[in-house]
Amino acid sequence: MDRLRGICAIASGAALCLAVAGHSARADTLQERLGHPKAARLLILHADDLGMSHSVNRATLEALEKGWITSASILAPCPWFPEVARWAREHPDADLGIHLALNSEWTGFRWGPVSSSDGVPSLLDPDGYLPLETDVVAARAKVDEVERELRAQIERARAAGIAFTHLDSHMNALYRTPALFDVYRRLGRAYGVPVLLDHDVYNNSASKASGEEVLVDRVISMDPGLTVSGWRSGYEEVLRALPAGTYQLIVHLAYADEEMRGATWDHPDWGAAWRQSDLDLVKSREFRDFLRQQGFVLVSWKELARVRRPALAAPATR
Numbered sequence: 001m002d003r004l005r006g007i008c009a010i011a012s013g014a015a016l017c018l019a020v021a022g023h024s025a026r027a028d029t030l031q032e033r034l035g036h037p038k039a040a041r042l043l044i045l046h047a048d049d050l051g052m053s054h055s056v057n058r059a060t061l062e063a064l065e066k067g068w069i070t071s072a073s074i075l076a077p078c079p080w081f082p083e084v085a086r087w088a089r090e091h092p093d094a095d096l097g098i099h100l101a102l103n104s105e106w107t108g109f110r111w112g113p114v115s116s117s118d119g120v121p122s123l124l125d126p127d128g129y130l131p132l133e134t135d136v137v138a139a140r141a142k143v144d145e146v147e148r149e150l151r152a153q154i155e156r157a158r159a160a161g162i163a164f165t166h167l168d169s170h171m172n173a174l175y176r177t178p179a180l181f182d183v184y185r186r187l188g189r190a191y192g193v194p195v196l197l198d199h200d201v202y203n204n205s206a207s208k209a210s211g212e213e214v215l216v217d218r219v220i221s222m223d224p225g226l227t228v229s230g231w232r233s234g235y236e237e238v239l240r241a242l243p244a245g246t247y248q249l250i251v252h253l254a255y256a257d258e259e260m261r262g263a264t265w266d267h268p269d270w271g272a273a274w275r276q277s278d279l280d281l282v283k284s285r286e287f288r289d290f291l292r293q294q295g296f297v298l299v300s301w302k303e304l305a306r307v308r309r310p311a312l313a314a315p316a317t318r
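First residue of the sequence shown: 1, per my numbering; consecutive thereafter.
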């Protein structure tokens, strides 16, 4: 059983192969535009959920500083956002995206919208938080309120002095309907930054993106099912088999300390122990040696943004 998956579960393997083949047939691949051979395998090693908690921040910022990862994205509505903003101002060259959030998934550790609650009532659960489940977002969220809230999240980051490099979607909520997907793409164009899209999403979206918006062939993240002892081998199994292309590997980093155990106590998937295992993975010499031996070239969203086609670049709006 394939124990890792691309971010968009609705894609078929055949569709992915066709999309990747079409992408690779271009005269100048993204690898070549970045100065690498056409046969290169580029990898963004990316951590989600920065700002969620102090434990997540401590692990992720350490990983950025030590080069264990090349990119991370920030949850602007979360309580530990100010700590991230302070670090980002002190590290202006860091590759940081905005992790656009429409849900708040932990039962005992919640967050609400950045914008005024009375301006986004369709985004709230009965307790005034963003909903636990993305299914609720897809069923209830009004598009104008979604865009209002997500712009507020981006503007919060801008006002805090964060020079963000890209946008992505927390728990894939913005992939759930064509209308939400359109908001996502529209925000990328409005702020002049790439959005995370891979060929799974591109090939299966009812609202087709331009092929030039797709800078990543495949996004890979962990599925439940691996044991701690098989954690590294599970990642390596899938990475080893990848053909030439550009990939994003998503990890979720934190220390399995009292804070994270309390926040995720009833949710072992992507919880405290999971995040400790991902941290142990990226910091391990064995995993870094594996990436070098396999010839992966670590890159960032900042690098990908520099080689986007001119038609995609757009000035940011306020």
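Hints listed in this document are in silico derivations from the structure and should not be mistaken for laboratory results.
Hints may be right or wrong, so weigh each one.
[To be verified] If you anchor each label on the Cβ, the simulated ranges turn out as follows: (1) VAL143 to ARG285: 46 to 56 Å; (2) GLY230 to ARG33: 19 to 29 Å; (3) ASP125 to PRO82: 21 to 31 Å; (4) GLU32 to SER116: 26 to 36 Å; (5) PRO243 to GLY128: 22 to 32 Å.
Note that beta-carbon positions come from the ideal geometry of N, C-alpha and C, so glycine has one too.
Going through the hints against the structure:
{"no.": "1", "hint": "VAL143 to ARG285: 46 to 56 Å", "verdict": "47 Å, holds"}
{"no.": "2", "hint": "GLY230 to ARG33: 19 to 29 Å", "verdict": "36 Å, violated"}
{"no.": "3", "hint": "ASP125 to PRO82: 21 to 31 Å", "verdict": "25 Å, holds"}
{"no.": "4", "hint": "GLU32 to SER116: 26 to 36 Å", "verdict": "47 Å, violated"}
{"no.": "5", "hint": "PRO243 to GLY128: 22 to 32 Å", "verdict": "47 Å, violated"}
Comparing the model with each numbered hint stated earlier shows that hints 2, 4 and 5 do not hold.
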